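Enquirer: Take a look at the letters that make up each chain.
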Amino acid sequence: MNKSAFNHRPVHWLPYTDKEVIEKARKVNMHELEDYSWENKEFKVSVVQDVQSTFVIDLFYRLYKSDTENQKLTIILPNPYAAVYENLAELCNKYGVSCRNLNVFFLNEWADDMGNIAPLDYTASYGRIFQKYFYNGLNPELRPKESNIHYFTNENVEHYSDLIDEVGEGGADVCYSSIGWSGRIASIEPEGEFICESMEDYLKQTTRIVSNHMISIAEDSLLGLFASSGDLAAVPPKSATVGPRDIAHARDHIELQYKTSLDKAVSWQRMVSRLMLFGPVAMEVPASILRMYKGTCYIHEAVAAQFKGKPDMPEEVFSYLKK
Amino acid sequence: MKQSFSFKPAEWIPFKDAEALERCRKITREEMENYPHPNPEYRVRVVEDPNSAVAGELFMQLKKSDEEDTHLVAIFANSWKNIYESVTEACNKFNVNCRNLHAFCMDEWADSDGNVAPVTYGPSLGGAFLREFYGHLREDLRPPIEQIHVFTNDNVDCYSELIEEAGEGAADLVVSATGWIGHTAFIDPNTKAFGTDSLDEFLTFGTRFIETHPMTVIQNSLGFGGAGDMANTPGYAVTVGPKDVVNARDHLERHNLTFTGGYNSWERMVSRMQLYGPVTPSVPASIYQLCKGTVYVSEAIAQPFNISEKVNY
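Sequence order for the protein chains is A and B.
Quick note on this note's numbering: the first sequence kicks off at 4 and runs consecutively.
Quick note on this note's numbering: the second sequence kicks off at 166 and runs consecutively.
Please note that the accuracy of each hint is not assured.
A few chain A residues facing chain B, derived, Cβ under 10 Å [to be verified]:
#, residue
1, Y84
2, Y98
3, N119
4, I120
5, S128
6, I132
7, I220
8, F321
What the hints contain is simulated information worked out from the structure, not anything from laboratory work.
On a predicted model such as this, the values are computed, not experimentally measured, just so you know.
For each residue, glycine too, the CB sits at the ideal point set by N, CA and C.
From just these sequences and the hints, can you work out the full model?
Expert: Written as structure tokens, this is what we have:
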């Protein structure tokens, strides 16, 4: 039997590998954050029972206010959220909330290996999911103009960030997001196209086509859109995505962390959520930039749960080895 | 729906033959058991609960070895707590003596310098076998501890020879499952340790140290605190080789890893690739197609590939 303790380093290809910081983040008790403060005093964390309900209510209320106060509402949306969009349309229809002032942008959309953006007739198109479950679900008289819905296209990807700033008068009113397993926000990955010399330069970067990180392809292969089967080859290799500037310019941010197995025992978001909140603000954990801005990170109880690791065993457990 | 979008899969994916992948996706539950496989000794059975089928078979192999007083040399996957504790519970109850068992754990974690994790390391795979199988057997039914082989720094280079020596040429049985990237044990594709395009050469590789494929770290991180904690998941291992698998006389495999209570499973696609794709080093577990054995596939894994727009996870 090997007697030495086993103390391995994080594997070298991970985007973020500072073992001490990771260990510290791993041990944070998410239920004891009352005194915790982040880079921006208006960034808050809230542990809740039902993150999707929080998303529905937050966005529905913004739509309601935009209607009753006749104010423009410019939003950036994540995908695929069919269940949320379906209920939002239902609520708008039931309460007669007009979405005439709504302008929609998307965090990201699939692209092929040559960088061509997926059209709306692609089954897994994020734009298609929004169109089917929200836009087409709204009563026609409550819908915004079709031109208010800004799907990613090959033609607009280069100036999509400028469109957001133009329509939103400097930025979106709110950006909804949900951190990925790689630490990404939208398809702003911890490696590749967005990595640069300084955080100042990083935050100026706009929409573009990027390669999806291996960890993101693994994560997305579990989506219902790809038959929940780990089918890596079925997931497109690239994406069009907003850039850090679009996150930075948004006036409010709602981050949604709730992805668990049905029995809540497993959640790949459990670790990366902690890294985003308690590690450094860094390009290696792109979603960590949210801490620099006004916003709320809603975390499901199960994602916030303490880790149940396997502690080392005392040698006495294996006493038969000594006979 | 008509689709005007097609793409080549990401470059790093080891097996990308679009036609073969599409054929695997479309295999139905009925076809899974009746697939015209060239090796008649290779069987696929679709059952609700592969765990109890494997447990039952393993118990019978141990009982036969006791009654006939013959060696049973087996390579074991870990950690299979439910199955091993059920089997040993039955051995204890029915007084099945395991004196003839020679057990080899199929793999173990290691660090980047090649140091093998000791059995006292919490997630140790050999440690799990010792606790869940050996430690759970009644003392008078246990084989001598010398017949239980876990990987150590000292035996990794001769582990294949130890198997062959104990098994008079090869193991009698391999008990296994498959990984997201198509591995069996830690025999990962597209790695320095097992890098070859030649199937013939691949099948000659014995035990060794490996830097595992990143997808294996991603998969295993789901078991580290249930948290996707990749930094806490070792990226290195020691493992039996394709030679040890393919030379074994019988094989018992289960495909039933779904997220509890769910349809969601990273194993659904790779199960089909292993069972019905070509035999290739790009999908290491496909070498089971060359062997005598039974693969128990759960009804959940055998479900068709249904796109669900409303299901996130």
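Enquirer: Checked against the structure, which of the hints given earlier come out wrong?
Expert: 2
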